[in-house]
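Keeping the supplied structure of chain X fixed, place chain E upon it in accordance with the hints.
Protein chains in written order, with the working numbering: chain X, 121 to 623; chain E, 13 to 343.
Where hints are given, some of them may not hold.
[To be verified] In the PhoX-like style, the derived pairs of lysine-lysine whose C-alpha atoms are separated by at most 25 Å in a straight line are:
1) E:234 x X:428
2) X:492 x E:289
3) X:459 x E:234
4) E:234 x X:514
5) X:239 x X:261
[What the hints assert, rightly or not] For each label pair, taking beta carbons as the anchor points, the in silico distance ranges come out as:
6) E:15 x X:330: 46 to 54 Å
7) E:336 x X:196: 18 to 26 Å
8) E:15 x X:512: 22 to 30 Å
9) X:536 x E:45: 48 to 56 Å
Since the hints were made in silico from the structure, they are not lab data.
It should be emphasised that the depicted structure is a prediction, and the values quoted were computed from it without experimental measurement.
All residues carry an ideal CB built from backbone N, CA and C; glycine is no exception.
Each chain, written out:
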Amino acid sequence: MGPDAVFHVEGLRKSFGQNEVLGGISLDLYAGEVTVLMGANGAGKSTLVKIISGVYARGAGTMRLAGKAFDPQTPAEAIRAGVVTVHQNINDGVVADLDVATNLTLDRLSGKGASMLFKPANVRAEAKAVADRMGLAIDLKARVSDLSLADRQMVAIARAMAHQPKVLILDEPTSSLSSAEADRLFSLIDRLRGHGVAILYISHRMSDIRRLADRIMSMRDGVVSGVFDQKPLDYEGAVNAMLGRKIRLDRVVARSSARAVFTAEGLRIAHGAKPIAMTLGAGEVVAITGLVGVGKTALAETLFGVRKPLAGTMHMDGKPYAPDSARAAIAAGVFLVAKDRAESGIVGGFNIERNISLPFLRRMSSLGVMKKRAERLAARRQIDELGIVCRSEKDELSALSGGNQQKVMVARWMSQASRLFILDEPFQGVDISARRDIAAKLRASADGRATLIFVTEIDEALETADRILVMSEHTIVGEHRNADIDLDRLLAEVAGGPLHSAA
Amino acid sequence: MTLRDYAIRCGFIILLVGLIAYFAIAADGFASPQSAVFIFQSVAITGVLALGVTATLVVGGFDLSIGSVATSAMMAASYAMVVLEQNAIVAVIACLVIGVIVGLINGWLIVYMRVPDLLATLGMMFLLLGLQRIPTEGRSIATGMTMPDGSVANGKFSETFLALGRHRIDFFIPNLIPVSVVVLVVLALLIWFFLEYTRFGRMMYAVGSNERAAELAGAPVKAYKIWAYVISGVFASIGGILLAARLGRGDIASGNNLLLDAVAAALIGYAVLGAAKPNAFGTAVGAVFVGVLLQGLTMMNAPYYTQDFVKGAVLVVALVFTFALSGRGKR
Numbered sequence: 121m122g123p124d125a126v127f128h129v130e131g132l133r134k135s136f137g138q139n140e141v142l143g144g145i146s147l148d149l150y151a152g153e154v155t156v157l158m159g160a161n162g163a164g165k166s167t168l169v170k171i172i173s174g175v176y177a178r179g180a181g182t183m184r185l186a187g188k189a190f191d192p193q194t195p196a197e198a199i200r201a202g203v204v205t206v207h208q209n210i211n212d213g214v215v216a217d218l219d220v221a222t223n224l225t226l227d228r229l230s231g232k233g234a235s236m237l238f239k240p241a242n243v244r245a246e247a248k249a250v251a252d253r254m255g256l257a258i259d260l261k262a263r264v265s266d267l268s269l270a271d272r273q274m275v276a277i278a279r280a281m282a283h284q285p286k287v288l289i290l291d292e293p294t295s296s297l298s299s300a301e302a303d304r305l306f307s308l309i310d311r312l313r314g315h316g317v318a319i320l321y322i323s324h325r326m327s328d329i330r331r332l333a334d335r336i337m338s339m340r341d342g343v344v345s346g347v348f349d350q351k352p353l354d355y356e357g358a359v360n361a362m363l364g365r366k367i368r369l370d371r372v373v374a375r376s377s378a379r380a381v382f383t384a385e386g387l388r389i390a391h392g393a394k395p396i397a398m399t400l401g402a403g404e405v406v407a408i409t410g411l412v413g414v415g416k417t418a419l420a421e422t423l424f425g426v427r428k429p430l431a432g433t434m435h436m437d438g439k440p441y442a443p444d445s446a447r448a449a450i451a452a453g454v455f456l457v458a459k460d461r462a463e464s465g466i467v468g469g470f471n472i473e474r475n476i477s478l479p480f481l482r483r484m485s486s487l488g489v490m491k492k493r494a495e496r497l498a499a500r501r502q503i504d505e506l507g508i509v510c511r512s513e514k515d516e517l518s519a520l521s522g523g524n525q526q527k528v529m530v531a532r533w534m535s536q537a538s539r540l541f542i543l544d545e546p547f548q549g550v551d552i553s554a555r556r557d558i559a560a561k562l563r564a565s566a567d568g569r570a571t572l573i574f575v576t577e578i579d580e581a582l583e584t585a586d587r588i589l590v591m592s593e594h595t596i597v598g599e600h601r602n603a604d605i606d607l608d609r610l611l612a613e614v615a616g617g618p619l620h621s622a623a
Numbered sequence: 013m014t015l016r017d018y019a020i021r022c023g024f025i026i027l028l029v030g031l032i033a034y035f036a037i038a039a040d041g042f043a044s045p046q047s048a049v050f051i052f053q054s055v056a057i058t059g060v061l062a063l064g065v066t067a068t069l070v071v072g073g074f075d076l077s078i079g080s081v082a083t084s085a086m087m088a089a090s091y092a093m094v095v096l097e098q099n100a101i102v103a104v105i106a107c108l109v110i111g112v113i114v115g116l117i118n119g120w121l122i123v124y125m126r127v128p129d130l131l132a133t134l135g136m137m138f139l140l141l142g143l144q145r146i147p148t149e150g151r152s153i154a155t156g157m158t159m160p161d162g163s164v165a166n167g168k169f170s171e172t173f174l175a176l177g178r179h180r181i182d183f184f185i186p187n188l189i190p191v192s193v194v195v196l197v198v199l200a201l202l203i204w205f206f207l208e209y210t211r212f213g214r215m216m217y218a219v220g221s222n223e224r225a226a227e228l229a230g231a232p233v234k235a236y237k238i239w240a241y242v243i244s245g246v247f248a249s250i251g252g253i254l255l256a257a258r259l260g261r262g263d264i265a266s267g268n269n270l271l272l273d274a275v276a277a278a279l280i281g282y283a284v285l286g287a288a289k290p291n292a293f294g295t296a297v298g299a300v301f302v303g304v305l306l307q308g309l310t311m312m313n314a315p316y317y318t319q320d321f322v323k324g325a326v327l328v329v330a331l332v333f334t335f336a337l338s339g340r341g342k343r
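In isolation and in its complexed conformation, chain X is listed as follows (with noise of 0.2 Å):
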């Protein structure tokens, strides 16, 4: 390929014991260049960004940096040479317990030619440059640890600039943005990418890549499946590399429940809302769409039990419900997937079979004694269902790629049925067949409960509900069949517009 290229990859190779994960990738990346990298979950893309960023070693390639042999034995030596990387977990780019001020200018307190002491003046004057390159609006004494998600998101994408960078690696940067916060991340690539940095960013959402790629590099199963750098760029066939088969998109056949399962009135989550109503019919699904902090998350924790509303009540079948806790919730058939896997989902030590049991365990018992065989049925026969990826039930999650992980959890609260079945952001990290089955499956087994889901991206509620709720400001604004939606109003419901009083 291209000599001119800043960074040049050759043939890598990577493998974890028998399995093959990285079939010799070849990737180049242009000074003042966006390539977007796209990818089904398992295809490989972390762990390539973990090599180039000196986490893992390869097993066979060569990689060049502006010419030179590049070599990174550890994450330290790739940002030295002018590599940097901004992981898609935030909590790896920042240490939580500082401030913004110290965590922006963290790689300067050690390193060669860093001061033996620690000048708090200094690191604030430091950090508000930073800072104010990056035209970030976050108070710098801080603690990280108090701050929203996005925030640290953000922090820890400009600590990363702070480098100044040949090379600079987003994983995923906007998956916990809010689009005025994207919005602040894109102007900044652009600058950047008018400085001549060459930019690897990961994305799967589709907004993100019409707005920022010059060039995109498609991967399947380990390998470069297709690299498009004509203009326009071919997004579609960037899809269909990644995929491997033709994509359809699939319009939802809207249906309409008459038997209301689950009521709320007057509910408010949040100090200065408005109340919310709503009714969910047996055998629909509905999405509930807003941006990032409008509230959604508390309102599926309201809804579970693990949150208390403000003011309110609710009704299960007519009867009164009111749980305080998840367990009072799970007993009336109320079930969550709550949002963020990793942290509030995934037990870590556990197999997929057991991971799946874990809330029915009293189902799964006799006198208190587990049932081994009973479990290792309901989870066979959700691997089944849900098409999970695995060598059997009894292999270890951190061995599943993202999508199946997000499959086991879903399977989770699948096993038993439920009267009203919601999901938090079950796409977040999840690749596009991944959510396409997740999606189908919810659709497919929705008769008889109420199925609610939250997701921040209007397509997932597209491809998924039977009828769109927007929310905004810690309450509903708005309310759609999915059937000939007049998108424009969604939207404009969904900003917080004029419109927000209205309806």
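Here is chain E on its own, set in the frame of chain X:
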């Protein structure tokens, strides 16, 4: 299975077998039923404590107060029988009540007062070390002792109680197996079954691995944590009962090594069968391992002061097995 996997899975068991074989050849009289029983007897008390602390390790906690709970229980049993002239049943119940109460307080401090587990149980350890000396103003308790108010304590240890520490059950050879060993084996089977086969044990592991996930799966996480400390407290108090029954007096100076030996056994247990997590079987093997090592060294006339060194070295090796070789958290 690669050689490395094999080493991780079976390393400690092989080491234990090798150690036994070595001592059997090198030390006269090591390979006899009496010697085996002696090993079990020497690990009975620390083993019981180690099984208790395993429960707290499972929920992601730690209990540093077990040693002092055991000695407090020993002092309480002695006080009940010698000073208050009560019978064995009262003494045993008093000990168990102490274990439950300490466990509840530990759990309450950790769960509701949000004191980190190490600090809460460290505080409890100091508190108990002082508290157990207050009733007798620092004296050891034995029949005929003079009380602070000048009176003489005339009660004595009941025979039934002493039997817990001294009676031996016939097993092929007359007077072979001490009751304390039977207690150890029963408790080990009990906690092993509880952790591996019941839904309560399963949920305790879930709490230890991902507390929030367990809570969102409907588990009463706080109750599970408190129960773990109660189990630990009760097991420690049973250890104290066995100690009192073996010594036949409330010896203020005994039980110094209990905490470290028990913790070592539980942590060595991480490495057994490559479990890389706290488990009852591993803890039992760990306790036996330490016992075999010390008994063997003693029979080969190694000086007493080398024992702690050897224990520490074994613990460090076991931790390397667990955390480095099994490659958890790193590829």
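Consistency of the hints with the structure:
Annotation: proposed proximity of residue 234 of chain E to residue 428 of chain X holds, straight-line Cα distance about 19 Å (limit 25 Å). Only pairs whose Cα atoms come within 25 Å are accepted, and residue 492 of chain X paired with residue 289 of chain E is accepted, the gap being roughly 20 Å. Annotation: proposed proximity of residue 459 of chain X to residue 234 of chain E holds, straight-line Cα distance about 22 Å (limit 25 Å). Between residue 234 of chain E and residue 514 of chain X the alpha-carbon distance is near 29 Å, which puts this suggested pair outside the 25 Å criterion.
This hinted pair checks out: residue 239 of chain X and residue 261 of chain X have alpha carbons roughly 15 Å apart, not beyond 25 Å. Residue 15 of chain E and residue 330 of chain X have their C-beta atoms about 52 Å apart, which keeps the hinted 46 to 54 Å range intact. A beta carbon spacing of about 21 Å between residue 336 of chain E and residue 196 of chain X agrees with the range 18 to 26 Å that was offered as a hint. At about 24 Å, the beta-carbon gap between residue 15 of chain E and residue 512 of chain X stays in the expected band of 22 to 30 Å.
Between residue 536 of chain X and residue 45 of chain E, the C-beta spacing of about 53 Å keeps the proposed range 48 to 56 Å intact.
Going down the numbered hints, you'll see the structure goes against just number 4.
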